[in-house]
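Engineer: Here is what each chain is made of, one letter per residue.
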Amino acid sequence: MDSLLVYLAFIALSLGGVWVLLDRLGLGEEAQPSELDAERTLYEHNLPNGDGAISTDNARLYDLSGHVGVVRAHGHRLLTRIIRPQEVRSVERTKRGVAVRLRDFGEPAVLLITDEPDGVMDWLRARLMSDTIHGPSPLGELRAKSFDEWVGA
Amino acid sequence: MDDLTLPDIAALAAPVYFAFLVFEIIIIVRFRRAGGYERRDTVASLLMGTGSILSGILLASTVLAAIGGLYTFAYQYRLFDLGTSWWVFVLAFVLGDLVYYWVHRLEHEVRWGWASHVVHHSSQHYNFSTALRQSWFKFATGTFLLSVPVAWIGVHPAIIAFSLSLNLFYQFFVHTETVGRLHPWIEAIFNTPSHHRVHHGNNVRYLDANYAGTLIVWDRLFGTFVPEDDDEPVRYGLVKDIGTFNPLRIAVHEYVGIARDVFMPGLSLKERLGYMFGPPGWSHDGSRQTSRQMKAGEA
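Sequences listed follow chains A and B, in order. All residue numbers for the first sequence refer to this note's numbering, where the first residue is 1 and numbers rise by one. All residue numbers for the second sequence refer to this note's numbering, where the first residue is 1 and numbers rise by one.
Keep in mind the hints are simulated off the structure, nothing from the lab. The beta-carbon is built from N, C-alpha and C at its ideal position, and this holds for glycine as well. Each hint should be verified, as a subset may be incorrect.
Stated by the list, open to error - Short, incomplete list of chain A residues facing chain B, as computed with Cβ under 10 Å: (1) I11; (2) H76; (3) R81; (4) A109.
As the list claims (entries may be wrong) - Below, a sample of chain B positions facing chain A; criterion: calculated Cβ distance under 7 Å: (5) F18; (6) V29; (7) R39; (8) R40; (9) D41; (10) L46; (11) G243; (12) H253; (13) V256.
Unchecked claim - Just so you have them, the derived chain B footprint on chain A, three or more residues with Cβ under 8 Å: (14) 20 to 29; (15) 97 to 108.
Please model the complete structure; the sequences and the hints are all you need to start from.
Structural biologist: See the structure below:
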């Protein structure tokens, strides 16, 4: 039992040490996706970029006619997903911006950091909280162009 | 001889793992080598590893003891008295590695196994901490049954466990981007960082490839080998990445997904079983894609 406690204490100390080390090295900061980063990520995941888009400090949101495409920071990396209205529990204002709460156990919330939460909330509500009957998922669209053509399209 | 006790190398190696992890961080930052660390991702991985060890400790006297009892039972009715010579250790390692290949392949090709193994693939980073991002429910996959024949042949259960721990220890060192390709002979025979990077890729062409533990020859033999292509850099993570660093959510998210699918109203029993034991991505209405379908689409 004593050796187990020593072992666990060692792991706890090492874990704390790694946390501090990574923090000191600046490896705890979130990515700030540029428009090009976001477009490239969408392209790599074979997702459409839609008609209109808005940006927050840590994400870019795309209007996909009844759905919202999101490219957001997840640590250093970018994460993409399409949010359908039926997946949304709520859109709430938080201290740092806006939280879109989802019915997805693997991604329970999309936190959008912004100084203009009202504008972002209005934009999201207009696309996600309406009673519109939505068309088929844009996920089925296939990529057939180069990245440059795709961005320009 | 039946009381043979051997060390669990993988569990005892925590100080080595942490030392190499810090070493890799320094190499990446100081010498700008390939690879990257992110604080929350790394801590999530380390907590998954810690949870994996704790679940092993908690279940040692129940589930794991029962699995050990199963091996001992098979060993009692062994076909050959192989003893504990050095060559038995070598035989056990090779057979264990073959078993590992099929266990690993099943964990990717059957959703119930994937629900456990997905944890290991859930980071978008690829570094030594990713190696430690392990499932808490590995025992639930039932894949331990694949090692029973090895005990029945006559390999002592303690040697089987020792071989597996040695295999897992080896695998820690292939989880890095800081090492490029090794000598062609090594790349031909052994699982290497290059081969295993492919295994962690979510690029369609890299899906379901390179299941090897130590010897890549199994992938070459069974047709699942895919070499790393410099023209297509590996993108790490899942086809649909999870958006959380919460260890509990990482540990159980695929089980939750299975439960949601299995209990959907209006499905037949066959369809419910399909969501549990079919390949990941299988769906009753074709609304999702398996990796095989994705590969066919790409082709």
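Engineer: So, as I understand it, the hint says B:D41 touches chain A; can you test that by seeing if any CB pair is closer than 7 Å?
Structural biologist: Constraint on B:D41 satisfied, holds at 5 Å.
Engineer: Would the hint on B:V256 stand, with a C-beta cut-off of 7 Å toward chain A?
Structural biologist: This hint holds: B:V256 lies near chain A, its Cβ roughly 4 Å from the closest one there, short of 7 Å.
Engineer: Does the nearest C-beta of chain A fall within a distance shorter than 7 Å of the C-beta of B:G243?
Structural biologist: Holds: closest Cβ of chain A sits about 3 Å from B:G243, inside 7 Å.
Engineer: Hey, does the B:L46 contact hint survive, CB to chain A under 7 Å?
Structural biologist: holds (5 Å)
Engineer: Tell me if the interface restraint on B:R39 is satisfied: Cβ within less than 7 Å of some Cβ in chain A.
Structural biologist: holds (4 Å)
Engineer: Double-check B:H253 for me: the hint is only fine if its C-beta lies closer than 7 Å to a C-beta in chain A.
Structural biologist: holds (4 Å)
Engineer: Please verify the coverage claim for the stretch 20 to 29 of chain A: does it have three or more residues whose C-beta sits within 8 Å of some C-beta in chain B?
Structural biologist: n = 6 at 8 Å, threshold three: holds.
Engineer: Against chain B, with CB atoms and a cut of 10 Å, does the hint on A:I11 hold up?
Structural biologist: holds (6 Å)
Engineer: With 10 Å as the cut and Cβ atoms as the points, is A:R81 at the interface with chain B?
Structural biologist: holds (7 Å)
Engineer: Taking the closest Cβ pair, is B:V29 under 7 Å from chain A?
Structural biologist: With a closest approach of 6 Å, the B:V29 hint holds.
Engineer: Do the numbers back the hint for B:R40, that is, is its least Cβ distance to chain A under 7 Å?
Structural biologist: holds (5 Å)
Engineer: Within the stretch 97 to 108 of chain A, is the number of residues with a Cβ closer than 8 Å to a Cβ of chain B three or more?
Structural biologist: Three-residue rule met by the stretch 97 to 108 of chain A, so holds; n is 5.
Violated hints are absent here; each numbered hint is respected by the structure.
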